[in-house]
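*Asks:* Go by the hints and put chain B onto chain A.
The listed protein sequences derive, respectively, from chains A and B.
With the first letter of the first sequence counted as 1, position 145 gets the number 145 in my numbering; the numbers rise by one all the way through.
With the first letter of the second sequence counted as 1, position 55 gets the number 55 in my numbering; the numbers rise by one all the way through.
It should be emphasised that the hints constitute simulated quantities derived from the structure, not laboratory data.
All values reported here derive from a predicted model rather than from experimental measurement.
Okay, derived cross-link-like pairs now, DSS-like style, lysine-lysine, Cα gap no bigger than 25 angstroms in a straight line:
1. A/LYS108 to B/LYS154
2. A/LYS45 to B/LYS142
3. A/LYS93 to A/LYS45
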Amino acid sequence: MSDGDPPLRLLSLPNTPRRNIIQCMEHIDQFALSLVSNRSKELVKSIDIKCHAINIKVNIIISIRIQFPRDTIECSFDDYQRSVDNPSPTNIKSKVSLGNEGGFVHNKPEYRFEEWLNHALELYHQSELDRVSIFTPLPDMKSFRKTFNK
Amino acid sequence: MSCEEPTTSPTPENNITVVSSDGKEFLLDLKLTEQSETLARLISNFEYDRTDVKKDPVPLGNITSAQMQKIIEWLQHHRYYPKWEQNDIHYSTSFTFETWVEEYLNIPNNEMFELLNAANYLNIPRLFSTICRIMASRITGKSAEQIRTVLNIKTDVKNDVYTGIPIQEDSSSSEDGMSEISLSPSPPPI
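So that you can see chain A by itself, here it is in the shape it has in the complex:
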């Protein structure tokens, strides 16, 4: 594929090939696709991908970890609870990686940490978190707990 190549019209394909293509993708590519638009999120969700567990790890940086049999997607958030006035900002940047591989940085205008978490839970059909591991306490643990105790 060259730079001048026309767009790949994935969303215009009939359901069967569209689903097959997404099933052929790596987990991180499926996750990246789900972040592009509501329609692409619904499409990835419809593939019914199962993960082992979704966890939150709180250390110097907070991260959401989506565990699959062979690999783990990690979404880490540098800016969560960094500001007293706005502990959970919208448009928060997430570094998305697969294991120790590169990955990408992404932010969605309407997404706070809570929406990122909900996105992951919804995408992989999980009703709740499997585990929350806290190594370093956050400045505002009370509001943090509210993000997953609903």
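*Replies:* Relative to chain A, chain B alone:
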């Protein structure tokens, strides 16, 4: 993977004629049609494999002559391959294709799109699966924003706060007018 080709040549009785959407006729060896579940079913249903049945052309209203030419190239190359077995449709850590396949599918996205639709319509599992894998590989390792560019997906629908009317498009303009292709072609005249 490669296969030795026996030195047999098709006899006229072993052929059927298919007509593309733009009216071009193609003579197809019945052996080749075995790779297409749609054609094989059609031939079986209408007894095209019987020599005493009058063989009118099979209309393929959803396939253009350019697509048909490309499809025939694939069918001929895989003529003596064993029947395709779909082992694992899900992601596997590595997959490679023979050089011929890489060259055959070294085509722009729009041609790949048309070929995939044709492979889906004719139900040619080996070609269908191969294209799906190659298309998936074209977005491997890309960020969400890069995927947005490659797929030409615009921003999500946002409703006007006062009127509730959508003010942005969710999908690319190239999606307009597309619809699913019917999997049941019109039966040929007998």
